[in-house]
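Input sequences plus hints: build the corresponding full structure.
Listed in order, the protein sequences are those of chains A and B.
For the first sequence, the residue numbers in the numbering used here are 1 to 217.
For the second sequence, the residue numbers in the numbering used here are 1001 to 1260.
Worth double-checking, as some hints may not be accurate.
Claimed, not checked - Distance ranges between label pairs, derived from CB positions:
(1) B:R1034 x A:R47: 54 to 62 Å
(2) B:D1187 x A:R47: 30 to 38 Å
(3) B:M1215 x A:A113: 52 to 60 Å
(4) B:A1244 x A:G50: 32 to 40 Å
(5) A:T151 x B:H1147: 39 to 47 Å
(6) A:V85 x B:E1022: 32 to 40 Å
(7) B:P1188 x A:T151: 30 to 38 Å
(8) B:D1216 x A:R209: 51 to 59 Å
(9) A:R116 x B:A1258: 21 to 29 Å
(10) B:L1084 x A:V85: 26 to 34 Å
(11) B:S1130 x A:G147: 36 to 44 Å
(12) A:R49 x B:E1204: 38 to 46 Å
As the list claims (entries may be wrong) - Derived list of chain A stretches under chain B, where covered just means 3 residues or more per stretch with a C-beta under 8 Å from a C-beta of chain B:
(13) 65-77
(14) 117-131
These aren't lab readings, by the way, just hints derived from the structure by calculation.
Bear in mind the structure is a predicted one, so any value in this text is a computation, not a measurement.
Don't be surprised by glycine CBs; every beta carbon is placed ideally from N, CA and C.
Here is what each chain is made of, one letter per residue.
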Amino acid sequence: MNFDPTLIENALPSLLYGVRTTIWLFLAIMGLCTPLALLVALARVSRVRGLRRAAATYVNVIRALPLLVILYFTFYGLPSLGVFVSPFTAALVGLTVVTTAYLAEDLRSGLMAVPRGQFEAADALGLPTWRFVWRVLVPQALPVMCGPYFTRAIVTVKATSIASLVAVSELTAQSMAKVTETYRSVEFLAFAAVVYLLLTSLMAILQSRVQRRVTLP
Amino acid sequence: MFDTAPDAPLLEIRGIEKTLGEQHVLRGMDFTVRRGEVLAIIGASGSGKSTLLRCLNLLIRPDNGRIYWQGAEVGWHQRGDKRLPMAERELLPFRTRLGMVFQSFNLFPHMSALENVCEAPMTVQHRDKSEVRAEAEALLAKVRLSHRMHAYPHQMSGGEQQRVAIARALAMRPEALLFDEVTSALDPELKAEVLRVMRELAEEGMTMISVSHEMDFVRNVADRVIFMHAGRIAEQGVPAEVFADPQTPELRAFLGRAGD
Ligand SMILES: Nc1ncnc2c1ncn2[C@@H]1O[C@H](COP(=O)(O)OP(=O)(O)OP(=O)(O)O)[C@@H](O)[C@H]1O
Ligand SMILES: [Mg+2]
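Next comes the structure, spelled out in structure tokens:
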């Protein structure tokens, strides 16, 4: 079996378009689901029972459904409900809804690692809820959240490839298009694999950087 | 802020009851605390001392009973013959009148001693930053920690951390302080430096309610002691008299153990 790098060279513009789409999709998902998941995680540890229940229901329902089913719903289901969005947006919505649920669970474990005494001390001092969240709770939860957060980011980099099944021209879709066109698979799949490896490695490097910065004195 | 009566006791507790889980922890507590008084609360483990203290500043809400602050009821609104619980937000002005110090210090670990002390006065009372900082430095000096102002909790001994916690409570300019076994987690030498600060506060006329197993402190500093048993006041009075002549077998047993 021979490996012909010129194939990749010739297909490069199309492949790089896929890389760009993958990166944008990934960044958009993380940008949306990071604040959303933090809110869901905070709701899960809230004193307000209604909030706790609503957040738990969301997380449990989403976790119970296959990712692909949710993506097919946002791609085929939304238009049939009269909501017309681009394939990219449909994939973004579906992946964000799912990633938010999982990430919320990851972040909740960080929040629960903060000792009860911190809640009591803040209450006794009369710190308002949001002030407590930003000044006391989140800074102490960050070191614990950091690892699971980046693990989730790595899972999400790879999960973007599933958007190829709903007509998004991201890395996997563009590579497969070239496979179909040229009847050569190894070159393009290797290209895709290397790019995914680079992106996930980048996350791993970022993790160790961030971990060092957020670790408490 | 409150519809207060100047000659009323600072804090008055009537028939406080609390059930936690399956357990009827407080079964009706009544007492009053006058301004400047030092009240000690003793009792065996599990007798409900911490629960009582948390009810006093409404960190947890009693199921039954009333709490009066300078003559005005706190925690509930009376609407006709209905009693409606106050929202958390409405409790804050009252809660911050009472400072609280915990057995486990509960300092914010990512803030220096000075930041710990400054946090609440700035964000809760919205006081001027430089004024708060000056007062915080003075309070840290008062608890003999001027040299540790910029240290983080993990760099301090337990005794130092607990003194920062006292300074942090004082920074809110409270009218009374609640102490929950604040020396129980400390070695004897470290205990002494915390007890010294508490004794000084008492001498300055600070109203204090202290759950404590330090019998010397209770005997020498407290004006009154309450012995709790099974969620009720079993005995109370002037410490020297109560200790000299315990009326209940429970207190006799408790004093026997404490003397070891
Ligand atoms: N959240 C809770 N749920 C159920 N039971 C609780 C809860 N908190 C405390 N209890 C129980 O209530 C009882 C009284 O607890 P509390 O902490 O007030 O006792 P204490 O007198 O402070 O004891 P200690 O000297 O050990 O601190 C104990 O039996 C305890 O197990
Ligand atoms: Mg206790």
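How the hints compare with the structure:
no. : hint                         : result
1   : B:R1034 x A:R47: 54 to 62 Å  : violated, 34 Å
2   : B:D1187 x A:R47: 30 to 38 Å  : holds, 36 Å
3   : B:M1215 x A:A113: 52 to 60 Å : violated, 37 Å
4   : B:A1244 x A:G50: 32 to 40 Å  : violated, 55 Å
5   : A:T151 x B:H1147: 39 to 47 Å : holds, 43 Å
6   : A:V85 x B:E1022: 32 to 40 Å  : violated, 52 Å
7   : B:P1188 x A:T151: 30 to 38 Å : violated, 46 Å
8   : B:D1216 x A:R209: 51 to 59 Å : holds, 53 Å
9   : A:R116 x B:A1258: 21 to 29 Å : holds, 28 Å
10  : B:L1084 x A:V85: 26 to 34 Å  : violated, 47 Å
11  : B:S1130 x A:G147: 36 to 44 Å : holds, 40 Å
12  : A:R49 x B:E1204: 38 to 46 Å  : holds, 43 Å
13  : 65-77                        : violated (count 0)
14  : 117-131                      : holds (count 11)
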